Amino acid sequence: MNRKPLIVRSGMTRRQFLARSGALGAAGLSLPALLAACGGGGGDAYDVFFENWPLYIDPTEGETIGTIDRFAEATGLTMKYTEAYNDNNEYFAKIQPVLGAGKTIDPDIIAPTSWMAGRLINLGWTEKLPLADIPNVANLDDGFKNPTWDPTGEYSLPWQAGMAGIAYNSDAAGREIKSVADLFDPAFKGKIGMLSEMRDTIGLILMGEGIDPSTISTFEEAAPAFEKLEKAKADGQIRAFTGNDYTDDLLAGNFAACIGWSGDLFQLETESEAVKFVIPEEGGTRWADVMVIPKGAKNIANAAAWMNFVYDPEQAAQLTTYNMYVSPVKGVREIIAASDPDLAENPLVFPDEATSSRLRAFAQLSDEEEAKFDEAFSAITGA
Amino acid sequence: MQEVIKLEGVSKRYGDFVALHETSFSIGHGEFFAMLGPSGCGKTTTLKMIAGFEQPTTGKVLLDGADVSDVPPYRRNVNTVFQQYALFPHMSVFDNVAFGPRSKKKDESQVRKDVMEMLEIVRLADFAQRKPSQLSGGQQQRVALARALVNYPSALLLDEPLAALDLKLREAMQIELKRIQREVEISFIFVTHDQHEALTMSDRIAVMSAGHVEQIGTPEEIYRNPSSLFVAGFIGSANLLAGTVESSSGTEYVVALKSGAKVKVQHHGSTFSTGEKVSLMLRPEALNPVAGSRGDGLSLGGTLTDRVYEGATDRLVVRLTDGTEVVCLTDSDAHVAHKVVGDSVTINWQPQAGYLLAGWPEVSGSTTTNVDQIEAAL
Amino acid sequence: MSLVEAPAQRSRLGSSADRVGLAALLIATACLVAIGGKWVSGPLTSVVVLVLLAVIVGVIVLAWRGGTEARRLLAPYGLLKPGMLWLGLFFLAPLWSLLRISLSTKESRFDINYNFSWAFENYQTAFTEFGGQFSRAFLYAGIATVLTILIGYPLAYVIAFRGGKYKNVLLGLVVVPFFTSYLIRTIAWSTILSDEGVVVSFVKGLGLVPVLEALQIMDNGRLLNTPAAVIGGLTYNFLPFMLLPIYVSLEKIDIGLVNAANDLYSTNSAAFRKVVFPLSMPGVFAGTLLTFIPAAGDFVNAQFLGNPNTTMIGNSIQDQFLRQNNYPVASAMAAVLMVSIAALVLLYTRLFGTEDLA
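Residue numbers (the working numbering), protein chains in the order written: chain A, 16 to 398; chain B, 4 to 381; chain C, 10 to 367.
It should be emphasised that the hints constitute simulated quantities derived from the structure, not laboratory data. Predicted model only: the values in this text are computed from it and were never measured. Using N, Cα and C, we set each Cβ at its ideal position, and we do this for glycine too. Careful, some of the hints might be misleading.
To be verified - Below, a sample of chain B positions facing chain C; criterion: calculated Cβ distance under 10 Å: (1) S29; (2) A54; (3) F85; (4) A89; (5) H93; (6) A147; (7) R286.
Okay, chain A solo, but in the shape it has when bound (with noise of 0.2 Å):
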């Protein structure tokens, strides 16, 4: 694998833009100049108005024509693009108040993750989709079929996917990292980074305790993990709980291992070789970042049309090439294999079926025992 950046242009990387931005959001500061900086959705006058992770979307560039445009091509539709979606947690603080009174938000389009989308869905927060409208809705890959977060599919498409894993910074650990036990190794005191994403952290604990996360329904059944999370805090093992600036501290050596993203290995291992991402031996998880229509959006209609254009192979296969995420949309790995055999064979873009089955995603929680999760979280995490 010697795959040269494509998520490298403008003289930022999708890594460097969510540190910062991860830093500001986290701080609680708004984004404006940043957001500037970054461009996105023109003008007032717009057909639909999509709000999303930042850096999930390939632009506009010399020759290569970005994914907004080629809609607008082809259906004559004008797309706001914004990049405002940082953090599951603090966007649904900023939300709440607007969609629990009965208004509505601009957006017509969010990608929360799949457990926010589970919960904004149960709150009745979010439109159905009008999948009449969308027939490209056949091309879902079958694995994202009938979502513990969203059962009747009637809700949500999936955006893009990925796993988290193990990422480490080989000279900084000094020798390989193959399990989450190795997470707990007192070697590595106060080397280890875990990330404030709750489901990412004490899922892959209880990977590696030996519990299927995705069968949880309970508090007490993870308890096990909160306890191994909460000894290594105490222990000072852990030296802290962060977003996706996780790969400064790991490139700079700070972290001899972490909890990372799949998506991240691309760009860092062409930042430093010592880098290496794992899918540690008892197991990752998934996760997805799913699509949705906030209630009483204005171009239900319009996002229908997106909707369904990005679930066209074709489509999909140049967002995949782009962003290396694992796309949900079946037939795009064998446009790609055409151009890239290299990135069709790649794992953590294609999961192949022994990948896939080492892999589980966290249980959709009741509102009451996710709120026992979350505080038992927090109070590790001492923020």
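For chain A, the structure is supplied; the task is to place chains B and C on it using the hints.
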């Protein structure tokens, strides 16, 4: 007279600028000594060198006979009353005055006694617990005085101590200062640009100009026998008339003024040769305006151009025939009382009233009517 | 109490103007708090707004009809209005709202409505669950404040008394880094202090690691993500807030006072101790407040330079507000923080108050 302070060949340079040329003089015990001159004349620099805030470039400063040129201020037995008093705003009057004795690690009961005694002398015993900001200017001035005097220094240095006070208060404080000085019997070295203040208070005055000491002497010596045109002009008011020595015999001189008039002068002290450029100094109070011409070499004719009533005296401005303006002070009820502006008058004087100085003044006439000249001197 | 300074003695008109003015102010403030704090709702809101307008218009009419004298007497109250509006809208109303929410409960986690129910258990939670973060916040902020004095005072002293013509340049140099965002500066420190970074390599090269570990500045061979890094970050970030007030108070000190102390047999160090330092106390006092208060509520330094065992109360409040959606407990924590800081400041003022200083 016992010498308290002695300057031996002291000079001070700041880079290329000479603040004080080599100077030597001494000040005796219990003397009230004024350093008088316009700003920039070097008087404050001299004071700072005595206090120890500045080190002389050359020469020595002796205090009670010992060379203190390199001794820091806090180990010199002199104290200063600063121009803006420099009272410690966060301390009471008592603590301000006690600052010196406490620094000297005196016994606290002794400090209390000394401080109260000194506050009695400056009549501020009732204000001991006040903060300086709660006192009037004159009271602050007296605290500054007490704070310095309580240490019973060999000499007290005062840097324009009355400059910040208004006229009435200043005059009262002049008397008060003299009283206190007599009471404590300490040498006062007093820096001022106010010649009136220097004349009324001092035992001796050093008149300074542009880094030089022009003359040292008692007020009377300096007033009557100034050593230079500068001193004559700076001390009191003077009419200076340019002329040339035409003849002399003993102390009798005949001087031809620039206007052509010839005057007789009885001059003691320095001698002048025939043909030498001289200035005739006539103090305003020595001039009497009279009616009509006299032609005796002790009078000059002119026109009355201004007349100012000043209570006990009249201040008359007379324009001489060559245009030079002179000022005379005369009794209000003198026999020229009926003269009005525009009348012709003659001024005359006693033979010993005239005084000769080497050189010509920049502008002939009174030193008190030319605004530019006065400003330049300040 | 009179806001109007009467030239000679209080006229009857004057005292009644005071009563009218004060009453108007109090009513207007109450109205603002009621509106801002969502005390009233529905049609009652319009009633309150009407009362507010009536009071304002009433005072204006009174002043206008009452002639010059009444206008003069009522004018100060008119001038206070903008300030009162500001205070009411942006301080009193939010404060009221905060206190209300801190005593409220929610039916479910994602409920947007709060039921005011004198829920003191929120305060109990704040103390029991976050006691560690509270004490850490005050400890770190306290140490950082002392360090800013130790670093800032000599610096301010040198600039004020030895800066000469470079005074402004030096002050500029102190302030210039602070044109950069607070966050960027803090994050920059995490790069500087990182394990493979310049500082750690340098310290390792000098063999000072055991010394620094003994001093609890380093932990397990690292500088970053330690309590020392958090305190260091606070110290760095708040240094100007200490330095500038000290500089201002030192700058005001007449150098003649030092000369006077020298003249009165004090060495330079004694002059500093007895004159300069006491006179600069107002600056130290102001600097301490400006440093300690925001430092105690800070969360940025702990987030980027600390570890999970060094979180401060600011982090917890932020997490409870923005991630856990737990407004009641977050409000209770904010209220406790505010009250404890106010109490500390009051105590500090009592102990070191400088109001009797000229």
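Structure-based check of all given hints:
1. S29: 22 Å, violated
2. A54: Cβ of B/A54 sits 6 Å from chain C, so the hint holds.
3. F85: 5 Å, holds
4. A89: 4 Å, holds
5. H93: 5 Å, holds
6. A147: Given a least distance of 8 Å, the restraint on B/A147 holds.
7. R286: Since chain C brings no Cβ nearer than about 39 Å to B/R286, farther than 10 Å, the hint is violated.
In the structure shown, a violation is registered for the earlier hints numbered 1 and 7, in ascending order.
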